Amino acid sequence: MEVKCPTCEKMLEWSEKNPFRPFCSERCKLIDLGEWASGERYIAGSPDWSLQQDDSGEDPSLH
Numbered sequence: 017m018e019v020k021c022p023t024c025e026k027m028l029e030w031s032e033k034n035p036f037r038p039f040c041s042e043r044c045k046l047i048d049l050g051e052w053a054s055g056e057r058y059i060a061g062s063p064d065w066s067l068q069q070d071d072s073g074e075d076p077s078l079h
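The sequence shown begins at 17 in our numbering and counts up one residue at a time.
Please keep in mind that the hints were generated in silico from the structure rather than gathered at the bench.
Careful: at least some of the hints might be erroneous.
[As the list claims (entries may be wrong)] Cβ-Cβ distance ranges computed for the label pairs, FRET-style:
1. Arg37 - Gly61: 22 to 30 Å
2. Lys33 - Asp64: 34 to 42 Å
3. Met27 - Glu51: 17 to 25 Å
4. Ser41 - Ser66: 35 to 43 Å
5. Glu25 - Ser54: 15 to 23 Å
6. Gly55 - Met17: 27 to 35 Å
7. Val19 - Trp65: 29 to 37 Å
8. Pro35 - Trp65: 33 to 41 Å
Treat the numbers as computed from the prediction; the structure is a model and nothing was measured.
From the three backbone atoms N, C-alpha and C, an ideal C-beta is built for every residue, glycine too.
Please put together the full structure from these sequences, using the hints given.
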């Protein structure tokens, strides 16, 4: 099966031979990671901090 690389949109074979799938290369994989880390990519909506609350009862968004 052929799919598009999410970063450069190059067509590539989806197989176990490609260790970077769904990306075409390590470069595209790292570009994508950098976009998520910098906030360029994100999942829309408000965060659910209730899942991350520890025993202190503090709001983790304040840290």
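Hints versus structure:
no.	hint	in the structure
1	Arg37 - Gly61: 22 to 30 Å	holds (27 Å)
2	Lys33 - Asp64: 34 to 42 Å	holds (38 Å)
3	Met27 - Glu51: 17 to 25 Å	holds (21 Å)
4	Ser41 - Ser66: 35 to 43 Å	holds (39 Å)
5	Glu25 - Ser54: 15 to 23 Å	holds (20 Å)
6	Gly55 - Met17: 27 to 35 Å	holds (32 Å)
7	Val19 - Trp65: 29 to 37 Å	holds (35 Å)
8	Pro35 - Trp65: 33 to 41 Å	holds (35 Å)
Consistency note: the structure conflicts with none of the earlier hints.
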